[in-house]
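Start from the sequences, fold in the hints, and give me the full structure.
Line by line, the protein sequences are chains D and R. Heads up, the first sequence is in the numbering used here, so the first residue is 1 and it goes up one at a time. Heads up, the second sequence is in the numbering used here, so the first residue is 1 and it goes up one at a time.
It cannot be assumed that every hint is accurate.
To give an idea of the interface, some chain D residues facing chain R are shown, with a C-beta separation under 7 Å as derived from the structure [claimed, not checked]:
hint, residue
1, Phe64
2, Leu90
3, Ser94
4, Gln97
5, Thr102
6, Gly106
7, Gly108
With a straight-line cut-off of 16 Å between C-alpha atoms, the simulated EDC-like cross-links for lysine to aspartate or glutamate are [claimed, not checked]:
hint, chain 1, residue 1, chain 2, residue 2
8, R, Lys97, D, Glu101
9, R, Lys97, D, Glu54
10, R, Lys97, R, Glu14
Don't read these hints as lab results, they were simulated from the structure. Small disclaimer: the values here were computed from a predicted structure and weren't measured. Built from N, CA and C at the ideal position, the CB exists for glycine as well.
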Amino acid sequence: ETGVTQSPTHLIKTRGQQVTLRCSSQSGHNTVSWYQQALGQGPQFIFQYYREEENGRGNFPPRFSGLQFPNYSSELNVNALELDDSALYLCASSRGQGARETQYFGPGTRLLVL
Amino acid sequence: DAKTTQPTSMDCAEGRAANLPCNHSTISGNEYVYWYRQIHSQGPQYIIHGLKNNETNEMASLIITEDRKSSTLILPHATLRDTAVYYCIVTVQGAQKLVFGQGTRLTINP
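Structure below.
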């Protein structure tokens, strides 16, 4: 157990809808990263939040957006869902930005877009 | 971040040591080697990381060659629960963006 929790565990949406996924980071961790993992692939970095500010973004369109709250929990929002957005969405938290810091992953939210 | 190369799949007998290789020939002097594993449909689990020296923790040992161009993750007494995809990642900062490749699918056989 990493102490990182995500909700919901599973979700089914239809194309064009919007979705919000939630992540609670491990206690004492101020950095949250989000990853998308398509079936059979490794996770791909979406973006990271550090102390409530976006701190790096991967190659994802603007319809993927996020928030980090003062308690360091985080949300991932995806607008105008497409079929290819079907994936496992993972969040990971870390204690800070130091070189030797480690990211600890939650169990993920599995999103299916029909 | 430097790119890594891992075998697609490996098998190991239960109770034996599992040795998972990783090539990272373009690694820079300030890049760390991190290992994660992912058991089916779960989030990746951190295993170990190192810079130059060999490292050991309760889960595994990490052996980094002197030129740092390759490393080996060792699970000393593999169990069936070690069946997973193992990812070797090279990064300047472990807290920042992690670039996952395809990893090595390790199967532990009874």
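Cross-check of the supplied hints:
Restraint check, Phe64 (chain D) versus chain R: the minimum CB separation of about 15 Å is more than 7 Å; hint violated. A least Cβ separation of about 5 Å between Leu90 (chain D) and chain R falls short of the 7 Å threshold, and the interface hint therefore holds. Annotation: Ser94 (chain D) was flagged as interfacial toward chain R, and the flag holds, the nearest CB pair being 4 Å apart, inside 7 Å. Taking 7 Å as the C-beta contact cut-off toward chain R, the hint placing Gln97 (chain D) at the interface holds, the least distance being around 5 Å.
Among the interface hints, the one on Thr102 (chain D) holds; its C-beta lies about 5 Å from the nearest C-beta in chain R, closer than the 7 Å criterion. For Gly106 (chain D), the suggested interface contact is upheld, since its CB lies about 5 Å from the closest CB of chain R, less than 7 Å. For Gly108 (chain D), the shortest C-beta to C-beta distance to chain R is roughly 5 Å, which falls under 7 Å, so the interface hint holds. With a C-alpha separation of about 12 Å, the suggested pairing of Lys97 (chain R) with Glu101 (chain D) holds against the 16 Å cut-off.
Simply put, Lys97 (chain R) and Glu54 (chain D) have alpha-carbon atoms about 12 Å apart, close enough for the 16 Å limit, and the pair holds. Under the criterion of a C-alpha separation no larger than 16 Å, the hint pairing Lys97 (chain R) with Glu14 (chain R) is inconsistent with the structure, at around 34 Å.
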